[in-house]
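Build the full structure now, drawing on both the sequences and the hints.
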Amino acid sequence: MLDFLTAFAILIGIYSVFTLGLNVHWGYTGLFNIGVAGFFALGAYAASLLTIRPPSSDQVDDYLYAGDLANRLEALPVIGALDLWFIAGLLAASLVSAAVALVVGTITIRLRGDYLAIATLGIAESVRLVFLNERWLGNGSKGLYTIPRVFDGIATPQDYDRVYLVVVLVVFLALFFGVRALVHSPWGRVLRAIREDEVTAEASGKHVFRFKLQAFVLGAVIMGIGGALYAFNLRAISPSAFTPLLGTFIIWAMLVVGGSGRLYAPIVGAFIVWGIWSGSQFLPDPLGSPNVRYFSIGVLVVLVLVYAPDGITPLLSRARERWTARRRLRRAVAEE
Amino acid sequence: MTLLDVTGVRAGYGDTEILHGVDMRVEAGEIVTIIGPNGSGKSTLMKSVVGMVEASAGEIRFDGQRIEGLRADRRIPLGLCYVPQTENVFPTLTITENLEMGGFLRNDRLDGRIRDMFELFPDLAEKRSARAGSLSGGQRQMMAVARALMLEPKLLLLDEPTAGLSPMLMEAVFRMVRDINATGVAVLMVEHNAKKALSISHRGYVLAVGEVRMESTGPELANDPSVGRLYLGSE
Amino acid sequence: MARASQVAQTLLAIIFIVLALSQIGLAVNGIFLGSILALGAVGITLVFGVMRFANIAHGDMMTMGAYVTFFLLVSVLPEHTGLGPFTFGFPLLIALPVSMAAVAALAVGMDILVFRKLRLRRANIVTIEIASLGVAIAIRGFVQMVWGTPVRYFPNEGRTHFSLPADISIAPNHLFVSGAALVLAIALHLLLTRTKQGKAMRATSDNPDLARASGINTDRVLLWTWAIAGALAGAAGVLLVIFNATAQLKPTMGFQLLVPLFAAVVVGGIGNPYGAFLGAMLIGISMEVSTAWALPTYKPAIAFTVMVVVLLFRPRGILGSKG
Ligand SMILES: Nc1ncnc2c1ncn2[C@@H]1O[C@H](COP(=O)(O)OP(=O)(O)OP(=O)(O)O)[C@@H](O)[C@H]1O
Ligand SMILES: [Mg+2]
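Chains as they are written, first to last, in my numbering: chain A, 1 to 336; chain B, 1 to 235; chain C, 1 to 323.
Worth flagging that the hints you see were computed from the coordinates, not collected in a lab. Hints may be right or wrong, so weigh each one.
[Said to hold, decoys possible] Lysine to aspartate or glutamate pairs mimicking DMTMM-like chemistry, simulated, CA-CA at most 20 Å apart:
no., chain 1, residue 1, chain 2, residue 2
1, C, K196, B, E97
2, C, K196, B, E54
3, C, K117, A, D310
4, C, K117, B, E54
Written out as structure tokens, the structure is:
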């Protein structure tokens with residue numbers, strides 16, 4: 001049970017990272033990205049390919065991946081507890097995502113919102129197709145499965161999940177506080193101004209395009225880091241994890257349910273949606289089937305959009321306010 | 001008989017109120033002109049009469065019936081037609097199709113009325129199968145007015161019908177307004193060519209910052225020096 | 001600058017034509033694929049015209065159409081295959097219009113239950129778009145709940161291809177597909193240009209405020225538009241199955257076509273049904289011709305690339321005029 005909860009918490013942490021990235025795109029800037037899966041995949045593959053190990057002899061022999069990094073890697077020692085390869089993996093994921101976001105953004109951000117949506121969807125599908133078809137790059141549909149454990153030196157394989165949970169939380173918190181600081185900075189205020197009214201923002205002398213592009217790249221980098229975290233968790237990735245449904249839609253569901261543009265939305269949304277998603281597998285059969293899950297997550301998103309457009313987070317904080325108010329009242333009554 | 005009676009209307013966009021309680025009326029058969037500086041809410045007043053902007057307070061009566069709660073497409077059949085200041089044609093539809101859309105609510109065959117319009121606006125007849133988006137400024141204005149006349153309204157609302165037209169075309173438009181009025185149609189128009197418009201109007205209103213500041217007969221307003229000084233800049 | 005862009009556009013057009021002619025057999029296939037894409041893309045563009053949002057559920061509406069036909073063929077209608085030179089039997093001719101009606105009803109229901117509520121609340125366009133993503137997933141989940149995830153097949157029997165000179169071989173089904181698409185396209189054209197309701201649709205797409213100010217009930221126009229887009233999507237879904245040599249259908253079939261569909265819409269000029277048709281042909285031919293050099297699984301990526309290239313030169317698409 002504890003193991004299950006640890007694994008559950010890790011995934012919530014990872015999905016919170018993706019949702020945080022999407023919140024930067026949509027929640028704070030109004031960029032409509034429906035290709036989260038693309039940056040997710042780029043980050044996961046970039047980090048994996050950089051840190052991958054050669055397959056052991058009992059694994060299948062036709063295992064292909066780009067370059068010969070793994071063998072060269074053996075020559076480089078892992079530097080103690082400070083697992084530099086993990087850091088390098090995150091950096092690689094960030095760089096690759098940033099580069100792709102820069103190119104896509106430069107072409108499409110100037111156009112109206114729908115075009116960015118279509119472009120990101122197209123990029124995500126293209127990225128997935130490349131990793132699916134180019135076997136030399138990432139072992140095709142079987143994917144990569146010799147991704148190392150990070151911080152191997154300080155944890156036994158049995159403890160890996162618990163150590164990794166800490167790693168994920170540290171990364172998430174770093175990103176979370178980074179984003180929070182940015183949102184409250186002048187830069188973040190400009191983004192919100194753009195989101196509310198692009199014309200006025202432009203008129204007041206803000207270079208809207210540049211701000212949007214910066215936000216697009218930043219969000220993509222966060223998603224790429226999420227991809228890297230995902231790869232080091234399962235230590236096996238394949239193109240099937242990056243379909244529009246699993247790689248994009250569920251993250252949108254988290255943001256919408258959490259309440260886009262709200263600081264705590266990523267955590268709340270990831271918790272609720274992932275809770276429903278992975279919890280429903282314990283339901284008796286017809287309800288526990290993945291198909292019912294698709295259907296109910298789809299319906300949930302629509303219901304939230306129609307009936308609670310600001311998501312669950314404001315409902316929660318209102319409930320908390322009401323609760324504290326009632327407690328204060330009770331105390332006041334008691335004092336009297 | 002009072003055709004249009006606006007009392008205490010407040011309206012705006014989102015949280016900003018533009019009209020702060022406007023009273024205004026149009027009698028049957030009248031030409032009434034509204035003048036006022038840019039941004040004073042003239043177009044907003046027109047829009048709240050036709051239902052494209054919702055009035056948050058006040059009453060709008062047309063032909064004795066309260067209409068402020070009706071949706072735009074429910075007000076039109078009562079006999080008021082509207083030519084917006086901008087974007088007043090369907091650009092990818094042909095001239096004939098534009099006229100057909102103007103007569104959308106008519107159940108009879110439209111051919112006769114379309115022929116009438118082509119007689120009234122011979123320029124349009126020549127271009128009947130051209131797209132409205134390809135028309136010149138003057139032709140487009142004619143097109144817009146013709147579209148609105150398809151339903152044979154009791155009241156025609158014109159928002160700056162002469163904007164951007166040459167002096168000659170401007171004359172033509174004012175002549176057209178009079179001709180239309182002569183057939184018994186009341187006209188409520190917003191105009192920046194105040195003198196000219198007021199001189200053919202029965203009555204006029206001066207609107208400023210969302211309120212009616214002056215109300216009088218057309219010629220009187222046209223000759224009132226304070227109108228020009230206060231509200232119309234150098235004119 | 002404008003000159004250089006024109007030269008580049010002409011060059012691109014020439015390259016496209018040369019490549020298509022050099023692989024004429026594939027190009028002909030591309031026209032067949034293009035006619036299916038056209039039915040979907042026209043629906044997306046019509047809905048966009050009156051509602052200003054790109055409906056992400058459109059691919060899954062196509063899927064729904066295919067599965068309704070599957071249900072009818074397997075469970076309701078008599079068993080029959082091999083009508084004339086085709087792999088399917090006469091029941092398909094009954095199932096096709098029924099599926100179109102069913103998806104039209106689904107589309108109208110979607111609008112009433114979801115999109116109208118968001119419209120009345122004056123929700124942001126992208127919020128509406130995300131809702132359509134939610135609807136897409138819900139439709140797919142529904143299809144999977146009812147019919148399962150494994151690949152299914154329409155009842156069918158193998159048929160020989162017609163051989164033409166220049167290495168062109170045409171499957172009879174493909175002729176049916178493009179014939180049906182052509183009939184529907186012509187019907188739509190007549191509807192849009194000859195009927196009052198059709199003209200009102202175009203007018204609403206041009207200028208919704210002016211349409212209302214002309215007494216047009218734009219809410220009703222919206223429902224009509226959804227119904228027509230739904231019917232076309234239903235037809236496209238069924239034809240997509242027949243287009244496939246083994247007549248297979250799977251729950252992801254529509255969603256997977258979303259990138260080519262959007263590409264067709266954008267390339268043609270978003271909001272313009274004739275542009276969508278042209279764009280669909282361009283995308284369909286590009287996708288098929290590309291298989292001479294690239295793996296067939298890359299087809300969506302090719303569609304996407306063509307779209308980006310067109311957008312670079314014509315940000316509003318080939319026939320686009322609206323901003
Ligand atoms: N759609 C809109 N949304 C928000 N504000 C608007 C909108 N249309 C007009 N306004 C604002 O409402 C105010 C009044 O506008 P309105 O168009 O009624 O003025 P007007 O008197 O017709 O001016 P003009 O002579 O320039 O046509 C202006 O400050 C304008 O900026
Ligand atoms: Mg105005």
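Each hint tested on the structure:
1. K196(C) <-> E97(B): Holds, because 9 Å separates the two Cα atoms, which is no more than 20 Å.
2. K196(C) <-> E54(B): 28 Å, violated
3. K117(C) <-> D310(A): 15 Å, holds
4. K117(C) <-> E54(B): 19 Å, holds
Checked against the numbered hints given earlier, this structure breaks only hint 2.
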